[in-house]
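Using the sequences plus the hints, can you model the full thing?
These protein sequence lines map, in sequence, to chains D and U.
According to my numbering, the first sequence is numbered sequentially starting from 5.
According to my numbering, the second sequence is numbered sequentially starting from -3.
Taking lysine to aspartate or glutamate and the EDC-like style, the derived pairs with C-alpha atoms no more than 16 angstroms apart in a straight line are:
1. K137/U - E189/U
2. K298/D - E15/U
3. K78/D - D150/U
4. K118/U - D279/D
5. K0/U - E69/D
6. K135/U - E189/U
7. K137/U - D30/U
Here are a few chain D residues that sit away from chain U, every Cβ distance over 10 angstroms (derived from the structure):
8. N121
9. K401
10. L419
One side of the interface only, derived from the structure: several residues of chain D facing chain U at Cβ under 10 angstroms:
11. I56
12. L191
13. D197
14. G251
15. A258
16. K259
17. P276
Read the hints as simulated data drawn from the structure, not as lab findings.
Treat the numbers as computed from the prediction; the structure is a model and nothing was measured.
Positions of the beta carbon are idealized from the N, C-alpha and C atoms, including for glycine.
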Amino acid sequence: MSNHPQEAAKFVANDERMHWHDKALWFVREKRDLASKSIPEWEELRSVASEIKTHTLSKLDYYLEEFEKNATQKGITVHWAKDALEHNEIVYSLLEKNKVSKIVKSKSMLTEECHLNPYLEERNIEVIDTDLGERIVQLRNEPPSHIVLPAIHLKKSEVSETFVEKLGTEKGNDDPTYLTRAARASLREDFLDAGAGLTGVNFAIAQTGGVVVCTNEGNADMGASLPKLHIASMGIEKIIPKLEHLGVFTRLLAKSATGQPITSYTTHFHAPVVDGEMHIVIVDNQRTPFLASKDYNKALACIRCGACMNTCPVYRRSGGHSYGYVIPGPIGSTLGNFKDPKANKTLPFACTLCGSCTNVCPVKIDLDTQLYTHRQDLGAQGLLSKQKTISMKITAKLMQHPKLFDFFGKTIRKLVPMLPKSIVYSKYNIWGQTRDLPKMPKNSFKELYKQGLKDEL
Amino acid sequence: MNSKQYILNSIKNTNIIKETPCPQIPDFGIVYEDKFEQFAQIIKTVGGDALVCKKEDLDKTIASLYEDEKVISSNVDGCTLGNFNTDVDDPHKLKDIDLAIVKGEFAVSENGAVWIKNEDNKHRVLYFIAQNIVIVVQKDKIVNNMHEAYENIDFSDAGYGAFVSGPSKTADIEQSLVIGAHGPKSGYVLFVE
Ligand code: SF4
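What follows is the structure, encoded as structure tokens:
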């Protein structure tokens, strides 16, 4: 059950940290702007990307089958999982069959969504997250707070403290290079003795039957190429029809995500390693219902670049953990609310409706419209809080009756300045809990307008 | 009904997205006046560097970049610095390689990436496990952008390929860029004329 306002309040209570977090993400957003402006055809690229995604989703069953057929021909084994549990069972059974007791994992939001780590750990499999940011949050027993920058909420001094305790680094040394080297040394050992590598998938190409994984650190590549067993987990929406479509998506992904021209490694896996095995698990886990929804189907086009988070004024000031859903920010709010409106009903309100997310999204998902629509849906489903429902009802009444509206306005303008603060800002005024009411003017806009007309005559 | 059928059927039966034609990718990719210059400039921003040399100077050029590296592998024609044969049975045996000198197929100006195919090399992990990497590319094999790049890629006979842009890196600690995460700590692209 997520409660964004409550969690966000905790985050903003530390003013200094809030501004620091805001700045860090804005810095990434600015890098994205620079990168996108280096490409004159950027906006056309976004349009083509969006069209490719819409086309693919319209024939998703066809492309999934084509992908399976071609992957199988390449010697890759394809598995299908309807939900998180089945995904985890498949992964575990592959590990068990290959007598693997330790795995190295690279970033995969899907495995987070499926809670794969605890599932395997309960079955005595050691799971090492190898992306530096993910490793940091794993050592701290926290979930990632961002889909591309998992440890963006942490300061280097906190990372240093964690490493002193877990990796035996020097106390007080918080130099990022020193800390990264320490993690590198420790994770090298893990790569060398892991029995399998698990990766996510950025794109799965129906035409060629292979998957593409994009990383900067080289961890996915170490994990997928050193052990004999490579398991890649993907949601059904990762499919693209043709190899040439990667020309579009690889140009958009890293530039949107971090402003880099491309990730350090964009690896196309189309076969197992020598004498090894490669498995791909295709997961639905409540994705197909999006295809049946006219308002929300576009959310499945997401390529998980994180740009909507970096630009979001609410995300930047409330932190990823405040969302309480596996994917934070605008895209997480729409995905989470669609999948489980009851549990995630506060998320569509973690939004100012500024529309910045929609403007930066490389595949043009109508994020702000979706969040706005969710609000209506929540109302219709009776999931809004009592306070919100009552104030909405009153507002609707007033709006429908101009006379009543005028009367109400007049009364409020007169009454509020006379009342003591304790009443104006009582617990029923939820709006006023974090805001000051404006100074009450003498006349309403309508009155001023009428007066103005008269003066002109 | 197995899960595959279940998933495919639920897509078939419930999908309301109207079928649209698969878009043609317009011929809009950015082109550069001097492809090498652009490549060289970009790769510097991602922690790598591009150099040009004559084929007969390969050894000299690489040796001057890496004076202290001991275990060296090379599968590049014209380079004799290699002293470690990567054709071993177990890829774990590559763990002590200080420098890998490998062949790149072509370079991409737009983003400083080089396409590697792993054709002449048994273990993919070589590109990542080596402490340092030099990728050798023919000087005339530079394309402008990723659209042109994919015109040169074909998986009908291949099982692997990757774009490598500079050495491995991370900015996961307070957004400070650190070169050398899990893969190579330095990376040069050497163009031979
Ligand atoms: S919704 Fe768009 S901007 Fe947000 S992560 Fe997905 S692709 Fe990126």
